[in-house]
Amino acid sequence: MALTQSLDAPKLYFQSRTRWRPVEIAFWLATLLPFALFPDYLILASQIAITALFALSLDLILGYAGIVSLGHAAFFGVGAYAAGLLSKYGWGEPITGLGAASLAAGIVGYATSFVICRFRHLALIMLTLGFGLMLEELANSAGWLTGGFDGLQGIDTWKLFGHFEFDLYGYVAYAYSLVVLFILFVFARRLIHSPFGLSLRGIRENYVRMPAIGAPSRAHIRTIYTISAAMAGIAGALLAQTTETLSLDSLGFERSAELLVILVLGGAGRLYGGLVGAVIYMIARDRFSGIEPQYWYFWIGVLLVTVVMVLPNGVLGGLAKLAARWSRA
Amino acid sequence: MTAPALSTRGLAKRFGSLVVAEDIAIELPAGVRYALIGPNGAGKTTLINLMTGMLRPDAGAIFLGPTDITALAPDERVRRGLVRTYQINSLFPHLTVLEAVTLVVCERRRVAQTWWWQLAAYSQEIDEAYEILNALTLGPVCHRVTRELPYGQQRLLEIALALATKPKVLLLDEPAAGVPREESKDLFAAIAGLSRDITVLFIEHDMDLVFRFASRVIVMVGGRVLVEGTPAEIAADPRVRAVYLGKARHDGALQRNLAGNAP
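Protein chains in written order, with our numbering: chain A, 1 to 329; chain B, 1001 to 1263.
Just so you know, these hints were derived from the structure itself, not from any lab.
Please note that a few of the clues may not be correct.
[Said to hold, decoys possible] If the Cβ cut is set under 10 Å, some of the chain A residues that face chain B in the computed set are:
hint, residue
1, PRO195
2, MET210
3, ARG218
[What the hints assert, rightly or not] Below, simulated SDA-like cross-link-like pairs (lysine to any residue); rule was C-alpha separation at most 25 Å, straight line:
hint, chain 1, residue 1, chain 2, residue 2
4, A, LYS321, B, ARG1108
5, A, LYS11, B, THR1114
6, A, LYS11, B, VAL1020
7, A, LYS11, B, ALA1025
[Stated by the list, open to error] To be clear about the criterion: a stretch of chain A counts as covered by chain B if any three or more of its residues have a C-beta under 8 Å from a C-beta of chain B, and this derived list gives those stretches:
hint, stretch
8, 140 to 147
9, 233 to 242
Using N, Cα and C, we set each Cβ at its ideal position, and we do this for glycine too.
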């Protein structure tokens, strides 16, 4: 009896890691609260869900494979313009729009992944930054297609499932964004707990050792980079479809930098880090820009410096530490 | 006569004007325990780096069995059975011990590309990893996070990671480096207990361990192979004695050992 137990134990460990914890279920139930408590803020809630999805896509490459990117908005933008253009030129069905956006962003991600997988650290930051800038200027110069500096006009999103009209209060927008976020979160969560997810953590923990255990790191990086790009593209498409406006900001450098801030605030490599970071950042931005319309970036800066100094693993890292201390006491 | 498990021909490497390997031709027959010795800077680790593909040779060729592997990438060599460990621990600090070895087993069994099924479903892989850990006495600590392990157990994990690739040829770069003398004997006992299907080459400075665990010895000096033979032949070789006597001040312990083990 004792023997069979000890043989089962190793597997039980992996099973226990994949189980949904009560705090996770509570988190997802809490995402429904805005419908009841803050019906005036559903537009903001929808933007938070979209940003959370975008941050989740960055977490997959940064938090799990150690790929630092300062150009992730490129994929967000490709997805947004793919969905926006599709809608402008006659096909405004939202679900297929998401599919087209993920395909377009995934293809761009796959193409650039062949360069990305060969570099690490600072070189990688510069490469992703460079790709982002190139795409931003391409979109700017192709004004006939993208509307250039003036933004893309004439996006018309059809009813969801031919039934739910996107309303002014954001009921449908938030429900739609939230469901897409949840589905892709479940997908990301499965991926992290798969053998592939373990290999990604190996790459983050010791990139140099991976070839010495026979692991094709570059192939792994190409795969996760493509998946992450496709996910960012879906986030972009959600923004284009729910707001029906699109400007060059959506793929600019500032959005990439902002995203990195969000993930660092929340805590990278924890799946929920990007989600929590998005909630904190977007609400803080909403409040600060109301109080101090001109200088609100100052307060974002204060927030960032404080979190990095006090909680080096982000808000979630701090909470995890607190929980560990509590359970020990 | 079957092909040797691992062999090199005319292997050479230089960094600028510094020759780190020159005309190295060695043959490791299958199943043999080889020790690679030589003074510091003799090019022992460089030779391992060349054989495993971490460095590209300027000239020469490397064969795994009958196959020329000189042009293959390091991870491809590992998949074909040529595996190394590191003198300085190169582990996965935040993975648990079991996770780290399971990672290697999954890579070997080509399931590391799957991202839909959960790890817990791969019980064969997990069990195999656990068995490897048990064989190396790491079973009881398999859920510890790697960086929290005592140093001696980290050295064992270094070997466990290599074993999980199912090597044909295992190159151990000072497996007992930094381990207290008593523990290093246990460590080498574990190495001696490895299957005879595995050909082992280890770098070691402690001559006691070399003479106890190696069936043959290669001596390197200045990037070249000086001599190769049984431990007794090496201990009696005047050239080897000259090398170590000439460096008596640096390698006093080594020289004492060499003299002490002469038949």
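Here's how the hints hold up against the structure:
A distance limit of 10 Å between C-beta atoms decides the matter here; for PRO195/A the minimum to chain B is near 4 Å, and the interface restraint holds. With a cut of 10 Å, the hint placing MET210/A at the interface with chain B holds, because the nearest CB-to-CB distance is about 7 Å. Interface hint status for ARG218/A: upheld, as the beta-carbon distance to the closest one in chain B is roughly 9 Å, under 10 Å. Restraint check: the Cα-Cα separation between LYS321/A and ARG1108/B comes to about 35 Å, which exceeds 25 Å; the hinted pair is violated.
Of the supplied pair hints, the one linking LYS11/A and THR1114/B holds, its CA atoms being roughly 18 Å apart against a limit of 25 Å. With a CA separation close to 47 Å, the supplied pair LYS11/A and VAL1020/B exceeds the 25 Å bound. Between LYS11/A and ALA1025/B the alpha-carbon distance is near 46 Å, which puts this suggested pair outside the 25 Å criterion. Here the stretch 140 to 147 of chain A counts 0 residues with a CB under 8 Å from a CB of chain B, which misses the bar of 3, and the coverage is violated.
Interface restraint, the stretch 233 to 242 of chain A with chain B: violated (0 residues with C-beta to C-beta distance below 8 Å; minimum three).
Checked against the numbered hints above, the structure violates hints 4, 6, 7, 8, 9; every other hint is satisfied.
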